[in-house]
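Trainee: Chains A and X, in that order, give the protein sequences.
The C-terminal position of the first sequence is numbered 576 in my numbering, with every residue numbered one higher than the one before it.
The C-terminal position of the second sequence is numbered 136 in my numbering, with every residue numbered one higher than the one before it.
Bear in mind the hints are in silico, worked out from the structure with no lab data behind them.
Please note that a few of the clues may not be correct.
Computed Cβ-Cβ distance ranges for the label pairs, DEER-style [what the hints assert, rightly or not]:
(1) A:D68 x X:E37: 49 to 57 Å
(2) A:E466 x X:G86: 37 to 45 Å
(3) X:D88 x A:R477: 36 to 44 Å
(4) X:D89 x A:E466: 34 to 42 Å
(5) A:E493 x X:R133: 32 to 40 Å
Output of the computed footprint for chain X on chain A, the stretches with three or more beta carbons under 8 Å from beta carbons of chain X [as the list claims (entries may be wrong)]:
(6) 258-270
(7) 350-360
(8) 389-401
Values in this document were obtained by computation on a predicted structure and should not be read as measured data.
In this text, a Cβ means the ideal position worked out from N, Cα and C, and glycines have one as well.
What follows is each chain in one-letter form.
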Amino acid sequence: MKATAGTARERWQRETLEPALKKAPERAATFTTISGHPIARLYTPDDVDDIDPVQDIGAPGAFPYTRGIHESGYQGKLWTMRQFAGFGTPEETNGRYKALLKAGGTGLSVAFDLPTLMGRDPDHALSLGEVGKCGVSIASLADMESLFDSINLGGITTSMTINSPAAMIFAMYLVVAERQGVSWDRLSGTIQNDILKEFIAQKEFIYPPRPSMRLITDVFAFCTTEVPKWNTISVSGYHIREAGSTALQELAFTLRDGIEYVQWGVDAGLDVDAFVPRMSFFFNAHSDFFEEIAKYRAARNIWARVMRDRFHAKSNRSWKLRFHTQTAGVSLTAQQAYNNVVRTALQALSGVLGGTNSLHTNSLDEALALPTEAAATLALRTQQVLAYESGVTGEVDPFGGSWFVEKLTREMEEGALAYFDQIDRMGGMVEAIEQGFPQREIAESSYRFQQAVERRDKTIVGVNDFVQEGEPQIEILYIDEGAADRQLARLKALRQSRDNGRVDAALDALRSAAAGTGNLMPLLLDAVRAYATLGEMCDALRSVWGEYEETPVI
Amino acid sequence: MRKLRVVIAKPGLDGHDRGAKVIARALRDAGMEVIYTGLRQTPEQIVSAALQEDADVIGLSILSGAHNHIAPKLMALLREHGMDDVLVLVGGIIPDVDVPKLQAIGVKGVFLPGTPMQAIIDFINGNVRVRA
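Start from the sequences and build out the full structure, keeping to the hints where you can.
Mentor: So this is what it looks like as structure tokens:
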């Protein structure tokens, strides 16, 4: 009789493994991923006997897209190398963009400062000390014009990491295109526009969840007819992970957020296949190599099924999950900063092997400050080495069929679906957020991880092991107060030179529209053209919708 | 014995509260009474919370680069209220060159990324004022 895989494994365990373990025990009683997910010492065909390679995994470019959305993987098109950048004044950032494009970057990605992200003008009391620090300061159309000076918006793709005031910043971008003579149907890029993960993790919210969701569906609706090639949202797990979630929580909450947006779009009367193909996703590439690859593969599989079976999407463009990846900022260490280059390269490799469609690699100095130009260039070079030297871009989904990775992918899928059930029972993600559910789950995971680090159950090289005294300091980017002063002077001049009657009329119109139900995008465009500031537009809506205050969960 | 009372605060516009929350919980687990202010607190609000709570320690979590504005304002307000003896700590992303500046205005402990929670607990126990 032919031995089955099962009995062969038992025999190996009995006759080979156990005697060996008696002589040399394992390093730990249990092994887990960085997320605490248990890992067996060995995976064999037994572990995947309930996985159908055709139905459950499929082929690249075909449902359920576990192996990738492109038929030929990176043989057809490499991922977009998109480096997030922004600091100081629009002019300074414009200079960095031109350098990145010259160095071979293929898309821009705008980092805004905190006042901009929070819809506050540079002269607001809360902006004190924050102008131009974590990103570029954009207060009005005039700043946006400087940011993209001599950069043809018809010839690049731009990603803008902006959420609460996404509609306002997007309106500014559209007006810059208008003035460059680039028609909106030629524009391509992404606004993050993902408010749910702000409530869950990053906490850059302004309005309560429901009016915030309306702004987002307004952008969806506006773009289907006016800016058809624009990615209207980047549903983001990145920040959820950075806030301390596990890989599974990142996957589950992000996709459940995606479901929430689709539901709101459908409820607003949009046809699924008209707006879902322009939704994209954004994941973290953390340090646990295989867990990350499984996460990306599971994400594609789950989304395809949800779109087909839950929302009855007909177009395969709605089924395909496209995503951007950024290496894990939170994994970078201030100690022995050069180690971060290695971490980032490995994380980027997991993103590539997981089939990411675009990638940002962090710079080695980002646990200390915003990156210097040299550090940012090295980060881009890391991607170029992966793309052009490593050979990993040949075969599509090289881990497909690995018993371990397929099993881990399946476990990710099952775990995410269990979270979906839980959130559905609460009434949806907005309700779950209002009850503090994802916030609590993340706080718990982040504390658990920190305890594991303190106990040295999880090793961080250079931090809780292999520590080095008296290491040399590296050069960092220091942002002086000059940028803030220049932005303040510029804003003052703008308020004096513009037609303030026109601004007031546009803001009045915006306020009354916000109290009604019509699409707000045309009104925001009018306000932008009149050079209303970001803070003024956001305040107009604050006066109608109020502001959100969270109950902190520790 | 009265438990040590610690106000953990997130000043400025930044919402990245992972560090603040982890340290709040660690201090609580270490037997301290922890009051977490929540996000986007002005120095005035933080001082008023510390006053109201009769805090022994104020811990500020700042990652955005605004520490050179926020810390001096907070320290001045504490002096104004006769609260000079409250132990003030800053944790977050603070460039090395700024650490002595913060110490010069009376911030006793500056904790950079990677600091073990136990180090912060020990620092508080070793430096907090002795109460009558």
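Trainee: Going through the earlier hints one by one, which of them does the structure break, listed in rising order?
Mentor: none
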